[in-house]
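K.L.:
Listed below, chain by chain, are the residues.
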Amino acid sequence: GIQVEQSPPDLILQEGANSTLRCNFSDSVNNLQWFHQNPWGQLINLFYIPSGTKQNGRLSATTVATERYSLLYISSSQTTDSGVYFCAVEAAGNKLTFGGGTRVLVKP
Amino acid sequence: KAGVTQTPRYLIKTRGQQVTLSCSPISGHRSVSWYQQTPGQGLQFLFEYFSETQRNKGNFPGRFSGRQFSNSRSEMNVSTLELGDSALYLCASSLFTSGEDTQYFGPGTRLTVL
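If you're matching them up, the sequences are chains E and X in order. Counted the way this note's numbering counts, the first sequence spans residues 1 to 108. Counted the way this note's numbering counts, the second sequence spans residues 1001 to 1114.
There may be inaccurate statements among the hints.
[To be verified] Just so you have them, the derived chain X footprint on chain E, three or more residues with Cβ under 8 Å:
id	stretch
1	2-8
2	53-59
[Stated by the list, open to error] If you want a taste of the chain X side facing chain E, the calculated C-beta under 8 Å gives, among others:
id	residue
3	1048
4	1051
5	1055
6	1090
7	1103
8	1107
9	1111
Hint data in this document are derived by calculation from the structure and do not stem from the laboratory. No experiment lies behind these values; they were computed from the predicted model shown. Just so you know, even glycine gets a beta-carbon here, dropped at the ideal spot from N, CA and C.
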């Protein structure tokens, strides 16, 4: 099956810093989503982005489908950005395969 | 629109028992998927239902089963519980149309098996 790798596994940031999270996947995909998991376990949709670039406030994402990677940018980070960020891809059917996540801690 | 709801939110069971979890999708969504999240294995796909039919199944033993009702609500059942079944069980719904097909997740059911 398709493999999804996220890097880095852990990230510690000072409030106000910028960061880039990466997601590599091993095959062509129909769907790619970025999620933020809050401390209570809820997965919150950030982007649906199988290709191209999108922005939402301080967050933006870019997927280069031909090179099989996606990037999530966090600018001017805030403590509320802390949590685990997941990339998930769908190659066929309606089944998401998740990466291992990047755990982000933003310090005040 | 109300989001995806899951009940119960927390559950404690003992080995050998069985459990049923419920998921109500976003109104109008016909696809419901289930995922298991554990510290060791991460997030793994269990199965997906669309119009009361199971369309996809992950690599889980037959003790894990599910169904979907005509109103798109879904239940999953785990029989003969094992300690390793302790996990956060997440349900997601989507429209599953051509074009953008975002999956929206519920808050999860945290199952502890003692």
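K.L.:
Take the hints in turn and mark each one as holding or not.
P.N.:
Taking the hints in turn, this is what the structure says about them:
Judged by the Cβ-Cβ criterion of 8 Å, the stretch 2-8 of chain E is not covered by chain X as claimed, because only 0 of its residues qualify and three are needed. Only residues whose beta carbon comes within less than 8 Å of a beta carbon in chain X count, and the stretch 53-59 of chain E has 0; fewer than three means the coverage is violated. Hint status for residue 1048 of chain X relative to chain E: holds, with the closest Cβ pair at about 5 Å, below 8 Å. Checking residue 1051 of chain X against chain E by beta carbon gives a least distance of about 12 Å; that is not within 8 Å, so the hint is violated.
At its closest, the beta carbon of residue 1055 of chain X sits 6 Å from a beta carbon of chain E; the interface hint therefore holds under the 8 Å criterion. Of the supplied interface hints, the one on residue 1090 of chain X holds, with its beta-carbon coming within about 7 Å of a beta-carbon of chain E, less than 8 Å. With its C-beta approaching chain E no nearer than about 6 Å, residue 1103 of chain X sits inside the 8 Å limit, and its interface hint holds. With a cut of 8 Å, the hint placing residue 1107 of chain X at the interface with chain E holds, because the nearest CB-to-CB distance is about 5 Å.
Violation of the interface hint for residue 1111 of chain X is found here, the shortest Cβ-Cβ separation to chain E being roughly 12 Å, above the 8 Å cut-off.
The structure is inconsistent with the numbered hints 1, 2, 4, 9, although it conforms to all the rest.
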